[in-house]
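Participant: Following full-length UniProt numbering, the residues of the sequence shown are numbered contiguously, the last one being 203.
If you are wondering where the hints come from, they were derived from the structure by calculation, not from laboratory data.
Among these hints, one or two may not hold up.
Label-pair distances were calculated between CB atoms; the ranges are [to be verified]:
| no. | residue 1 | residue 2 | range |
| --- | --- | --- | --- |
| 1 | E74 | D99 | 18 to 24 angstroms |
| 2 | E140 | V194 | 16 to 22 angstroms |
| 3 | R161 | Q71 | 17 to 23 angstroms |
| 4 | R161 | D87 | 21 to 27 angstroms |
| 5 | V77 | A178 | 39 to 45 angstroms |
| 6 | R89 | N139 | 32 to 38 angstroms |
| 7 | A79 | V165 | 37 to 43 angstroms |
| 8 | P200 | A94 | 18 to 24 angstroms |
All values reported here derive from a predicted model rather than from experimental measurement.
Here a beta-carbon is modelled for each residue, glycine too, at the ideal position from N, C-alpha and C.
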Amino acid sequence: MSKSRPSRPLLSLVLAAGLSASAALYACPAGQSEVCLGGCICVADPDGIFGVLQEDARNVAAPALAQWLSQSRERMVAAGVQPLPLDLRAQLQAWYPDDLLQAVRYRVGQGQDVDAASAMLQNQDVVAVTLIDVVVFRNEDDALHNLALWAHELKHVQQYRELGVDGFARQYVRNFSALEDPAYAIQNQVSREVRSARAPAGD
Numbered sequence: 001m002s003k004s005r006p007s008r009p010l011l012s013l014v015l016a017a018g019l020s021a022s023a024a025l026y027a028c029p030a031g032q033s034e035v036c037l038g039g040c041i042c043v044a045d046p047d048g049i050f051g052v053l054q055e056d057a058r059n060v061a062a063p064a065l066a067q068w069l070s071q072s073r074e075r076m077v078a079a080g081v082q083p084l085p086l087d088l089r090a091q092l093q094a095w096y097p098d099d100l101l102q103a104v105r106y107r108v109g110q111g112q113d114v115d116a117a118s119a120m121l122q123n124q125d126v127v128a129v130t131l132i133d134v135v136v137f138r139n140e141d142d143a144l145h146n147l148a149l150w151a152h153e154l155k156h157v158q159q160y161r162e163l164g165v166d167g168f169a170r171q172y173v174r175n176f177s178a179l180e181d182p183a184y185a186i187q188n189q190v191s192r193e194v195r196s197a198r199a200p201a202g203d
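All chains should be modelled from the sequences, with the hints used to inform the complete structure.
Facilitator: Okay, here's the thing in structure tokens:
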């Protein structure tokens, strides 16, 4: 998933009552537990009650997220998907194996898609969502021309392959940055190389 700043819109779709799982960005002091209700804070928790509740929330969220990802992917496939554009595929072979590039599909989100993936694209920060091996883009121009964005989303496809859907969901719930940071890293790398290739000689 690519957006202007890291966030957890996937979790907001599957967690009830606004309770989101922690990204574990920092450790709480001894005797305190991290509690996340939109944002995360450390609160006194000498008996570890909040910590147990938080872990229970993660255990509920991960299977729900995995189910949502699988069902949403099937809906997108049923609605119609397309292969990775050939010109982008040729360029992306420098970073990804050809079997992955051949397998991935994409769809441009449309109003008639009654699906959470399309609803997520109404968030102005979200420009693409990866549903296992199907990438849903906000707009067609990105789908056809945005090499760096494709590099980001393909990193998620690769992660799904390595972890499985259940493993991806568990990791996303526990620490989404572990999945998003590598995707942003390759997106930034590709973006730099694209800019360098386009720069006039001598600059």
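Participant: Name the hints, by number, that the structure is in violation of.
Facilitator: Hint check: 5, 6, 7 fail, others pass.
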